[in-house]
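**Student:** Residue numbers (our numbering), protein chains in the order written: chain A, 1 to 334; chain B, 1 to 334.
No lab work stands behind these hints: they were computed from the structure.
Think of the CB as a built atom: it goes at the ideal place given N, C-alpha and C, for glycine as much as any other residue.
It is possible that part of the hints are untrue.
Unchecked claim - Simulated restraints, written as ranges between beta carbons of each label pair:
{"#": "1", "chain 1": "A", "residue 1": "Asn243", "chain 2": "B", "residue 2": "Glu5", "range": "44 to 52 Å"}
{"#": "2", "chain 1": "A", "residue 1": "Arg307", "chain 2": "B", "residue 2": "Asp225", "range": "36 to 44 Å"}
{"#": "3", "chain 1": "B", "residue 1": "Arg75", "chain 2": "A", "residue 2": "Met53", "range": "37 to 45 Å"}
Claimed, not checked - Straight line, CA to CA, 30 Å or less: simulated DSSO-like cross-link-like pairs of lysine-lysine:
{"#": "4", "chain 1": "A", "residue 1": "Lys176", "chain 2": "A", "residue 2": "Lys200"}
{"#": "5", "chain 1": "A", "residue 1": "Lys296", "chain 2": "B", "residue 2": "Lys37"}
{"#": "6", "chain 1": "A", "residue 1": "Lys278", "chain 2": "B", "residue 2": "Lys200"}
{"#": "7", "chain 1": "A", "residue 1": "Lys296", "chain 2": "B", "residue 2": "Lys200"}
Okay, here's what each chain looks like letter by letter:
2 protein chains.
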Amino acid sequence: MEVDELMCLPRLPRVAVCGGTHGNELSGVYLVRELLKVEKKAVEEEEEPVSVMIVLSNPRATQQCHRYVDTDLNRCFTHATLNGPISDTDPYEIIRSRELNALLGPKGSRQAVDLVCDLHNTTANMGMCFITYSDCDWICLHIFRHLQKEIPDIPMRFIHFDVSNKESYSLDSVGKHGFAMEIGPQPHGVVRSNIYTAMKGGVQHMLDWVRLFNSGAIFRGGFVDVFTMVKHIDYPRDSVTHNITAAIHPHLQDRDFCLLHPDDPLFQTFSGETLRYKGKEPLYPFFINECAYYEKGIALSLARKRRVMIPSIRVETEQEQQANHQQYSSEDEN
Amino acid sequence: MEVDELMCLPRLPRVAVCGGTHGNELSGVYLVRELLKVEKKAVEEEEEPVSVMIVLSNPRATQQCHRYVDTDLNRCFTHATLNGPISDTDPYEIIRSRELNALLGPKGSRQAVDLVCDLHNTTANMGMCFITYSDCDWICLHIFRHLQKEIPDIPMRFIHFDVSNKESYSLDSVGKHGFAMEIGPQPHGVVRSNIYTAMKGGVQHMLDWVRLFNSGAIFRGGFVDVFTMVKHIDYPRDSVTHNITAAIHPHLQDRDFCLLHPDDPLFQTFSGETLRYKGKEPLYPFFINECAYYEKGIALSLARKRRVMIPSIRVETEQEQQANHQQYSSEDEN
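If we strip away everything but chain A, and leave its shape as in the complex, we get (with noise of 0.2 Å):
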C-alpha cells in the first residue's frame, strides 16, 4: 500500500453516540443527556445530513450510579452472549443488551449502524483513548487523526485490543465501525467539568469529521501510533483472602504510556515494600489503577507500541456505491 493510494470507502449515513454503558461514568452520562435536550430542538429545526443515534446505554445501572446492576453491560455483546437462549431469569444487563443489538444492531449484519461511539471514563490518567478492536479500520483512525488535529492540549492515544469480531464483547462492537471514547482521569461517580468539555468536544469533531466524510472531502493518509494490548498485570494478593496486599508504585502511579522497563518500580505493598516488573521486554502501561478492574484481576494492561500507515480516503461516489452494493449482493447469494 501506498501512503498516497486513495480508498473509497461506504458512507456513514448513521451514527450512534452511546453514555451510561457504565452507569458510574459520568461525563458520558451528562454528555448524552445534554446531546439528547439539542438532538430534540435539532430534528424541530432541520435536517441533519447525518442520523445520530443517542443511546442511554444502561438506564438502571446509571440511575443507581453503579457500573452494572447485574453484570458488566460492556462484556455482553459476544457473539454467543447476543445469540444464546433466552431466559425470564437472564440478568438485566443480558436483557439490555439484545435491545441494544436490536437498535444499533445486529451485530455483524448490514442493518447495523455504521459507527458506534460508546463514551467511558477511567480513574487512570489516560487523557483521551480511542479503544478498538482493529488497527486498520480506517474510518476510526482518520477521525482519531481528526480530534488529534482538532484538540491538541489533550493527550490522545489510540488503543487495539485484538481481539476477533465474534469475541469483540463491547458495545462499539456492534457497528459497522466503532470504537470506545475513553477519558480520564476522573473518578466514577464523579463529573469533573475539564473531562466532561474534552468528551463533549471530542464527540463533536468527531460528528463533524462524518459529516465533512460524508459530503466528499478527502482526507489524507498519514502515520498513527497503536498501543497493541499485550497482557494485563494483577496486583499481589493474598493466597487466602485473595485481598491485594499491595498498591501501584508511586513512581508509576499516573504514568500511563510512559514506557515501563524490566526492574522499574511496580507496586508497593501495604507494610512499604516496593515490588519491580519482571517482564524482560519494555512496554507501554495503561489503565494503571483503574477502579473497576481490581474486581477483573487487573492492575494495568501492557501495551506494543506500532507505528501504522494508513492510506488517504474519501467517500464512495453514488456509482461506485452501486456497483459494490451489487457486488456484495451476488456474494450474499453466493
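Use these hints to put chain B onto chain A, whose structure you have.
**Tutor:** Below, chain B without anything else, positioned relative to chain A:
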C-alpha cells in the same frame, strides 16, 4: 487564657483507630488490615504503653466495596439513633452502630475509649484534614499541630463542625476525644500509594504523640487555624428530574481551601454557561466535588477561618488524677 498557661489533662490509655466506616474508602480499609497484622505481632512481643484497638467499622460494606449497605454508617451515631428502639428489621448500619457503640463507648460515658481516630478518604483535593465537633478539644488540636510539624509536605487543615455532642453523628463522636482523618484526593474504590502512605504516617505520628503525652511530655501552646463549616451548596438541578445540570467550574475544581469570593465562578452548566458564587462573604470552600455528597445534595461546603489559641498541656500526675477522680465521683453522686 494565657498562651503559656499549662493545662493538665487526663491520660489517654485507650485509643481506637477505625477504618472502613465507608467501605469504598480504601486507604483506611487497607491500613486497618495492615495494622491488625502488626498489632498481632506487637501483642506477642511486648506490652504497649497505650492500648490501641484497631477496628474495621463496616465489614459488609467493605466486602462489597460500597460506601454502605443500607444507610450511611457515619450518620448513625447520634444520641437518638444509638438509643432508639431496636427491631429485627433495622438497617444493617443501625445494628452495626450499636455494636460499635458497645465496643468503643457507650458514647458520652466514662467507659468510652479516650480517643477515636476514624480514617476516611475524599475525592476532593483536601490534603489531610482533621474533622471534629469542637474547636477547643486541646488533645485533638495538639495532635493536629504535631502532625503538621512531623509531616510538613502534606497540606493539613483542621475542620470544625459546630454540632452538639448529642447531635454529633459520626463514629469518632463515640470516644472521649475523636476526629476523622480525611485524606484526598483519591477516587472511592481505589487505593493510591501516596494517600495510603500519608494516612499511615498520620496514624503513626498520632500514636507517637499519645505515647509521649501519656509519658508526661509537655506540649507547648500556640495557634491553629480552624475552619468552621458555615454552609453547604448544592448543584443546580433540573426541577423535574432532580438531575444535576452543571458541574463544579474548572476554575474552582481542586481549589479546596482557596478563598472563594463573591462573583467567582462556581459551576459550569453542561451546555457551557458559567454560574457564579452569589454569597456576600468570602469563604473557604472544601469537599469540592466529593463523590459521596452528590446524593446528599452537597457540591461543596464553605467555612470561615479563625485562629485559635491553644494552651500548653501535659498529662495529669497520678495525684492530680486521683484528686480529679474523687471530684468527678462526688459530682456523679450528686
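**Student:** It remains to establish, for every hint, whether it holds in the given structure.
**Tutor:** Hints, verified against the model:
1. A:Asn243 - B:Glu5: 44 to 52 Å: The hinted range 44 to 52 Å holds for Asn243 of chain A and Glu5 of chain B, with Cβ atoms some 49 Å apart.
2. A:Arg307 - B:Asp225: 36 to 44 Å: Distance hint for Arg307 of chain A, Asp225 of chain B is violated at roughly 54 Å.
3. B:Arg75 - A:Met53: 37 to 45 Å: holds (42 Å)
4. A:Lys176 - A:Lys200: holds (23 Å)
5. A:Lys296 - B:Lys37: holds (26 Å)
6. A:Lys278 - B:Lys200: holds (28 Å)
7. A:Lys296 - B:Lys200: Satisfied, since the Cα-Cα distance of roughly 27 Å is no more than 30 Å.
Checked against the numbered hints listed earlier, the structure breaks hint 2 alone; every other hint is satisfied.
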